[in-house]
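Participant: Please put together the full structure from these sequences, using the hints given.
The primary structure of each chain is shown beneath.
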Amino acid sequence: MKTKERESFWIRVKKDWKRNRSLYLMVLPVILFYVLFHYKPMYGALIAFQDYNPRLGFSGSEWVGFDQFNRFFTSPYFGRLVKNTLLLSVYGILFGFPAPIILALLLNELRAKRFKKTVQTITYLPHFISLVVVTGIIKDFTQSTGLINDIIVMFGGERSSLIQNPALYRTIYIVSDIWQGIGWGSIIYLSALSGVDQQLYEAASIDGAGRWKQLIHVTLPGIAPTIVIMLIMRMGQLLGTGYEKTILLYNEATYETADVIASYIYRVGILERNWSYSTAIGLFNSVINLALLIVTNKISKRVSETSLW
Amino acid sequence: MIKRNNKIKKGALLMAAVVAAAGIATGCGNKDNGGAAPESQTTAQADASGKTETAAPDTAFSYPVAEGGTLSYWVELNANAAANYTSLNDTEFGKKLQENTGITIEFQHPAVGQVAEQFNLLLSNRTLPDIIEYSWLTYAGGPQKAIEDGVVLPLNDVIDSYCPNLKAYLEANPDVDKMIKTDDGTYYCFPFIRGGEKLKTSTGLMLRGDWLEELGMEVPTTMDEWHDVLTAFKEEKGAAAPFTYWYGSQGLTDNNPFAYAYGAPRNFYIGDDGSVHYGAVEDGYREYLQTMNRWMSEGLIDVDLATLTNDQVSAKITNGTAGASFGWCGSSLGTWTGAGRTTEEDFTLVPAPYPSVEKGTKPEFGQKDNDFVNMGCAVITTSCENVELAARLLDYAYGEEGHMLFNFGIEGVSYTMESGEPIYTDLILKNPDLSITHAMSGYIRANYNGPFVQDEAYADQYYTLDEQKEALAVWSDTNADKHIIPPVTPTVDESKEQAQIMNEINTYRDEMTLKFILGNKSFDEWDDYVETIKGMSLDRVLEIQNAALERYQER
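As given, the protein sequences belong to chains A and B, one line each in that order. Heads up, the first sequence is in our numbering, so the first residue is 55 and it goes up one at a time. Heads up, the second sequence is in our numbering, so the first residue is 792 and it goes up one at a time.
Honestly, the hints are just simulated from the structure, not real lab data. If you're wondering where the values come from, they're calculated on a predicted model, not measured in any experiment. A hint or two may mislead.
Unchecked claim - Derived DEER-like restraints, expressed as beta-carbon distance ranges:
no., chain 1, residue 1, chain 2, residue 2, range
1, A, Asn-124, B, Ser-1313, 32 to 38 angstroms
2, B, Ala-1130, A, Met-287, 47 to 53 angstroms
3, A, Arg-213, B, Gly-1039, 38 to 44 angstroms
4, A, Arg-134, B, Ala-959, 41 to 47 angstroms
5, A, Arg-134, B, Gly-904, 29 to 35 angstroms
6, A, His-92, B, Thr-861, 38 to 44 angstroms
7, B, Gly-1065, A, Ile-324, 35 to 41 angstroms
8, B, Gly-904, A, Tyr-78, 41 to 47 angstroms
9, B, Glu-1247, A, Ile-324, 33 to 39 angstroms
10, A, Val-229, B, Glu-1247, 25 to 31 angstroms
11, B, Gly-976, A, Asn-124, 33 to 39 angstroms
Said to hold, decoys possible - Now the stretches of chain B that chain A is said to cover, found in silico as 3 or more residues with beta-carbon under 8 angstroms:
no., stretch
12, 909-916
13, 935-946
14, 1280-1294
15, 1298-1312
Said to hold, decoys possible - Chain A side only, calculated, beta carbon under 8 angstroms to chain B, not exhaustive:
no., residue
16, Asn-107
17, Leu-110
18, Gly-210
19, Gly-211
20, Glu-212
21, Ser-215
22, Asn-305
Positions of the beta carbon are idealized from the N, C-alpha and C atoms, including for glycine.
Facilitator: Listed below in structure tokens is the structure:
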């Protein structure tokens, strides 16, 4: 039975190949790209189980089993790193994820075209500023002589270095993330909004629904699949807080709340050249992320019938 | 001709035998050696000497090399040189070096700022450049490991046969000789050497001389005097952040003068008992932190300390937001004075000595380099086919002629001899288009590093301000020599273990240090802090360090 199916599959491919030869040729570079740049490098993840030495190479380095993983799990910083990484992601989802949706919904309700365009452009812009510049601005603003302190002083507060305060680090990180990403993130929702059937709005208003009711009963269900897909993808990055922003923004005084797995990899692995150790941590990270992605996808499939695959 | 060739072959065989013996000896000394590595070295060595064209021992050799030849040479292009040149080949220095030695050099430069990354990429290549210049003590596992990994060629025989200049220098300077070999006596590099006391100290405290004068105060020498001066700067001169410095610079923070005042550097040092200590868990360090915490709450120290960039520090010093700092003789004291004078005519920065707690005592600690500095250190790799040529090229720098070229450049162009002393010309010192360091970088390497002996006369002329000349004298007047750890080489396993432990300890120390200073942690928790660090196996690291130090002393 199975072999038969398989045969028929190959026969179908063959037929299809004859018919759409040019299409296959067009997709070939993409497949090659993935093989070369995404699948072949996975071979390098092997060094997580080795004591890798660049001179000896993949084949010559000593195999050490799970030593590198054990080292990470028993590190005094393990608990803190996981906690910081998770918390930043959770806050990011809690506050950062709804932000572009709300912006998109607000923009959608706007009738003045010109105003809408202006707001959109202004909110997009920060996305195009390099992260290095953005963090530079954040640091300037949050230092004791910065703009935010000027405002605090205006209301009778005292000057202090906000970026050196571990209690404020997450807030600064998330708020600046939202500021930078809100406009760009709203694009996908705006396009989903434009796909909502206009007849539904008419029907709703005939039934006596005001704008708020329309929003709840027509607009939101209309873009729900998009929201769910975006959320699933976001869940897959729960432990994936990037190192770039962290290493640009943190300092020794804020390690307590700022140090995440990725920045730890950067410090210990890249700066101190522990290739195997950092690969092991990275691999651990990816496995957890993949698991989270699958679980979220499953849940979503059950609950809302929307899923990635 | 045939006869001669035979002789060479015999010589080569003999040499191979010697090296093999040395290799076996090494293997016995180090259990984890495996035995494979020394073998491969031997073959490489025999191979190389087999291909050498001239007869081995020195018989009236002179530069330029008669047959010439080409060598590949991997070296970081220093930022000062990179400002105007894309390769050392383009510099007058590079051209002259090749002309004088008769050897063609193919320089390979890693991208600026990516030296460490590119160095590792380089190692994964099967064939290496003939010569690699790098900070070899930082090679993962140390220089001994670099030899075992089959990267670096042991140089004992090479130095004996082809390097009369370096050999003579090492014989005359047994201290340096001790520093540049591994514990088992293997030479591995052509070192960068600070050729004088003034070259070994480059950082220290500085403060506004014009303010001091105005306030009628003396240059502070003790912690109490510093407190008074900083308070006066704050109250009388309106400095919002009286003391500031580039905290993020590891080189500076490792040598923090206020920590030194309490006899507790944050890193390893040699104590009065002659053994290695870790300063950051000692009582002196606590006193230092308490003082900093008090000064911080009194507003004497920049509250943004942890996040400052060097540019921000420069701005604060030059615009009067801060009145005192800690930095380098050239890029801080010199640069800031120049910048400050463009807005304020009387702007002066004067150097202050490393402070002490008791008045009138000579400071115990201060920043000081070893003679052999872990940078610009050249090795010949196992891929090098013409070892003699590479050795001749590198040895050139330690001879009379090479010394002048590396330190002063070309006579009549970049320097002239005046009553027996080399003096830089106006092309270097008063170049209308280039700063001194940029102008120097076209002709010499003394303003950064490389495999040669740096000449003290360079510093005397490079530092043009009187304050700078004074700074070198004031800052270097400490007992630091007793406390700095020489370039010890832990074994491969030891250095791996140490790196793992220290990585955790240093992260914790750095974090807690700032918390104590900023007042986020109370000093009641000091004992916990010390216990935590001890719990991270600090004792094991001290054991490793002390063992390495002992082996070093027995070299």
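Participant: Are the hints correct? Go through all of them and say.
Facilitator: Here is how each hint holds up against the structure:
Separation of A:Asn-124 from B:Ser-1313 is about 35 angstroms and conforms to the stated range, judged on CB atoms against 32 to 38 angstroms. In this structure the supplied range 47 to 53 angstroms holds for B:Ala-1130 paired with A:Met-287, their Cβ-Cβ distance being about 50 angstroms. A:Arg-213 and B:Gly-1039 have their C-beta atoms about 21 angstroms apart, which leaves the hinted 38 to 44 angstroms range violated. For A:Arg-134 and B:Ala-959, the Cβ-Cβ distance of about 56 angstroms falls outside the hinted range of 41 to 47 angstroms, so the restraint is violated.
Range check, A:Arg-134 to B:Gly-904: about 30 angstroms between beta-carbon atoms, so the 29 to 35 angstroms window is met. For the hinted restraint 38 to 44 angstroms between A:His-92 and B:Thr-861, the CB-CB distance of approximately 41 angstroms keeps it satisfied. The beta-carbon spacing between B:Gly-1065 and A:Ile-324, approximately 37 angstroms, falls within the hinted interval of 35 to 41 angstroms. Under the hint 41 to 47 angstroms, the C-beta atoms of B:Gly-904 and A:Tyr-78, about 44 angstroms apart, fit the expected range.
Our hint of 33 to 39 angstroms for B:Glu-1247 and A:Ile-324 holds, since their Cβ atoms are close to 38 angstroms apart. Here the CB-CB span from A:Val-229 to B:Glu-1247 is close to 54 angstroms, at odds with the stated 25 to 31 angstroms. Separated by about 37 angstroms at the C-beta atoms, B:Gly-976 and A:Asn-124 satisfy the suggested range of 33 to 39 angstroms. Check on the stretch 909-916 of chain B: 4 of its residues sit with their Cβ under 8 angstroms from a Cβ of chain A, so the three-residue criterion for coverage holds.
Under the rule that three or more residues need a Cβ within less than 8 angstroms of chain A, the assignment of the stretch 935-946 of chain B holds, with 3 such residues. Residues of the stretch 1280-1294 of chain B with a Cβ under 8 angstroms from some Cβ of chain A number 3, which satisfies the need for three, so the listed coverage holds. Residue count for the stretch 1298-1312 of chain B with a Cβ under 8 angstroms from a Cβ of chain A: 9. That meets the three needed, and the coverage hint holds. Among the interface hints, the one on A:Asn-107 holds; its C-beta lies about 6 angstroms from the nearest C-beta in chain B, closer than the 8 angstroms criterion.
Look at A:Leu-110: its Cβ gets to within about 7 angstroms of chain B, closer than 8 angstroms, so that hint holds up. Residue-level restraint check for A:Gly-210 is violated (minimum Cβ-Cβ distance to chain B is 19 angstroms; threshold 8 angstroms). For the restraint placing A:Gly-211 at the interface with chain B, the shortest Cβ-Cβ distance is roughly 14 angstroms, beyond the 8 angstroms limit, so the hint is violated. For A:Glu-212, the interface hint is violated, the least distance from its beta-carbon to any beta-carbon of chain B being 11 angstroms, above 8 angstroms.
For A:Ser-215, the shortest C-beta to C-beta distance to chain B is roughly 5 angstroms, which falls under 8 angstroms, so the interface hint holds. With its C-beta approaching chain B no nearer than about 4 angstroms, A:Asn-305 sits inside the 8 angstroms limit, and its interface hint holds.
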